[in-house]
Amino acid sequence: MTRSEFENIAQQLRAQMLKVALDFFDSKDDAEDVTQDAMLQLWRYCEQIDGSRNVLGLAVRVAKNCCVSHYRRQRQETNYKSQTLKLKPPIEIESPKDQLEAEDTQRMMTEVMALLKPRERELFEMRRVEGLSTKQISEQTGIPTKSISAMVSGARMKVFLELKKRMKQ
Amino acid sequence: MTDKEIQQLIDSYLKGTTSPEEERLLAHELLRHDIPEEWKAVRLMLGELAMGEAEYDNIMANRKKKATVITLHRRWIAAAASLLLIIGIGATLWWTANDNVTTVETLVAQAGSVKVSQQPKIEEMKKEPVEMKKKAETVDSMKIIKEQYRMPRPPKHYLAQVETTEPELMDEEEQIERAVAEELRQMEMEMMAQMKASMQSDFMEITNEIRQRGERVTQRVEMALNDE
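Just so you know, the sequences run in chain order P and Z.
Numbered according to the numbering used here, the first sequence spans residues 1 to 169.
Numbered according to the numbering used here, the second sequence spans residues 170 to 397.
Please keep in mind that the hints were generated in silico from the structure rather than gathered at the bench.
Where is the CB? At the ideal position from N, CA and C, for every residue including glycine.
Mixed in with the good hints, there may be bad ones.
To list a few chain P residues with every Cβ distance to chain Z over 12 Å, as calculated [to be verified]:
no.	residue
1	3
2	6
3	100
Cβ-to-Cβ under 7 Å is the rule here; a few derived chain Z residues that face chain P [said to hold, decoys possible]:
no.	residue
4	183
5	213
6	221
Simulated pairs of lysine-lysine, PhoX-like, Cα-Cα distance not exceeding 20 Å [stated by the list, open to error]:
no.	chain 1	residue 1	chain 2	residue 2
7	P	135	P	146
8	P	168	Z	209
9	Z	209	P	158
10	P	19	Z	173
11	P	117	P	146
12	Z	184	P	135
13	P	117	P	158
14	Z	184	P	117
15	P	158	P	168
16	Z	173	Z	209
17	P	97	Z	209
18	P	164	Z	209
19	P	146	Z	184
20	P	165	Z	209
21	Z	184	Z	173
22	Z	184	P	164
23	Z	184	P	158
24	Z	209	Z	184
25	P	146	P	164
26	P	168	P	97
Generate coordinates for the entire structure from the input sequences, incorporating the hints supplied.
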């Protein structure tokens, strides 16, 4: 999707993402912040998004993720204040070690994905990122549903076994 | 969901036979911290977007659950409060109504007995003018009625005000009527303050009934006094 194509549907995407954020936050300011953040993320990756696919569904998923991230940040701030006041923190704060581990696993996932054939990777991502059903993928790609299931299964098994192997090391 | 069910869902996922809804459910189940290493690999495969979405849905579901519990608690509290209010008002009305009837009946009876007890005195006062005798009897019985209807005395600093505002030469009967009316009005005001808007119509009916009852009682007192 080109930047100008994205700009054409930006208002529609923004309205949908704002609705998701308003459902989640009581504060309109928080909802606006989250929507802005989600729009920025979509803008950054818009050239990697296939415009013929379910962009609205993807936008909703991104908005939900941004809501959760914002919510976590707010909780961490509350924890920090609680610690400053020597109160018991309401949730455990993610330690730097946890953060490093998360970054490592993400890097590992990217490396494993690179092992897949381009078609396998495409189908795998369609399910993973866009949350499309086999039928929807079939409609968009023209591949029969049985073939899609077989290819997705093959891709998943490859990734799973590789991840298991790497995680044991 | 049991561990066995989760494992079955993971197997279906790896076979590529799960629907997006089932994958959402799986992501929701894998949000737990205490999961086996194998399952962590599946969590990674589901991806950040799916896990974030599951967490979003989870938080929203928890909020709804809490909101429902709070609403239910509020409803119970409101129901209990209404019940207590109804019982309280009912008891007050019953007690007040009974007390009024008993008091007035006692008064009427006493008024009668006063008449009888005053009989020897009246005999003694045969020589006195009739008007004087009647006046003496009325004053005595009025004193007794006033005793019965005596309102709780206000604090001293109010007393002066009350005494100055009331006319000094007020008719005794009028004073009693006023006292009864005042008592009924105060009772009405107190209960009205407790009533909710929705209950006011029922309450007004009860109040009217009590007012009519009070008026009947006042009439009976007047008749008893007139008989004297």
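Structure-based check of all given hints:
With a minimum CB-CB distance of about 22 Å to chain Z, residue 3 of chain P clears the 12 Å threshold, and the non-interface call stands. The beta carbon of residue 6 of chain P sits about 18 Å from the closest Cβ of chain Z, which is more than 12 Å, so the claim that it is off the interface holds. For residue 100 of chain P, the requirement that its beta carbon stay farther than 12 Å from each beta carbon of chain Z is met, with the minimum near 15 Å. Against a cut-off of 7 Å between C-beta atoms, the interface hint on residue 183 of chain Z holds, since the closest Cβ of chain P lies about 5 Å away.
Below 7 Å, beta-carbon pairs count as interface contacts, and residue 213 of chain Z has one with chain P at about 5 Å; its hint therefore holds. Hint status for residue 221 of chain Z: holds, given a least beta-carbon distance of 3 Å to chain P, under 7 Å. Our distance criterion of 20 Å between C-alpha atoms is met by residue 135 of chain P and residue 146 of chain P, whose separation comes to about 10 Å. A distance of roughly 12 Å separates the Cα atoms of residue 168 of chain P and residue 209 of chain Z; the hinted pair therefore holds under the 20 Å criterion.
Our distance criterion of 20 Å between C-alpha atoms is met by residue 209 of chain Z and residue 158 of chain P, whose separation comes to about 15 Å. Distance check on the hinted pair: residue 19 of chain P and residue 173 of chain Z sit about 37 Å apart at the alpha-carbon level, beyond 20 Å; violated. Taken as a hint, the residue 117 of chain P and residue 146 of chain P pair is honoured in the structure, with Cα atoms around 18 Å apart against an allowance of 20 Å. For the hint linking residue 184 of chain Z to residue 135 of chain P, the alpha-carbon distance of about 16 Å falls within 20 Å, and the restraint holds.
Distance restraint check for residue 117 of chain P and residue 158 of chain P: the Cα-Cα separation of roughly 11 Å lies within the 20 Å cut-off, and the hinted pair is therefore satisfied. For the given pair, residue 184 of chain Z sits about 18 Å from residue 117 of chain P by alpha-carbon distance, which is consistent with the 20 Å threshold. About 16 Å separates the Cα atoms of residue 158 of chain P and residue 168 of chain P, which keeps this hinted pair within 20 Å; it holds. Of the pairs offered as hints, the one joining residue 173 of chain Z and residue 209 of chain Z holds, with about 16 Å between alpha carbons and a cut-off of 20 Å not exceeded.
For the proposed pair residue 97 of chain P and residue 209 of chain Z, the alpha carbon gap of about 17 Å is at most 20 Å, so the pair holds. The suggested pairing of residue 164 of chain P with residue 209 of chain Z holds, with an alpha-carbon distance near 9 Å, which does not exceed 20 Å. For a cut-off of 20 Å, the pair hint linking residue 146 of chain P to residue 184 of chain Z stands: about 12 Å separates their Cα positions. Of the supplied pair hints, the one linking residue 165 of chain P and residue 209 of chain Z holds, its CA atoms being roughly 12 Å apart against a limit of 20 Å.
Proposed proximity of residue 184 of chain Z and residue 173 of chain Z is supported: the alpha carbons are some 17 Å apart, at most 20 Å. Taking the CA atoms of residue 184 of chain Z and residue 164 of chain P, the gap is about 17 Å. The hint holds against a cut of 20 Å. For a cut-off of 20 Å, the pair hint linking residue 184 of chain Z to residue 158 of chain P stands: about 11 Å separates their Cα positions. Of the pairs offered as hints, the one joining residue 209 of chain Z and residue 184 of chain Z holds, with about 18 Å between alpha carbons and a cut-off of 20 Å not exceeded.
Pair hint residue 146 of chain P plus residue 164 of chain P does not hold up; C-alpha atoms about 27 Å apart against a cutoff of 20 Å. Taken as a hint, the residue 168 of chain P and residue 97 of chain P pair is honoured in the structure, with Cα atoms around 18 Å apart against an allowance of 20 Å.
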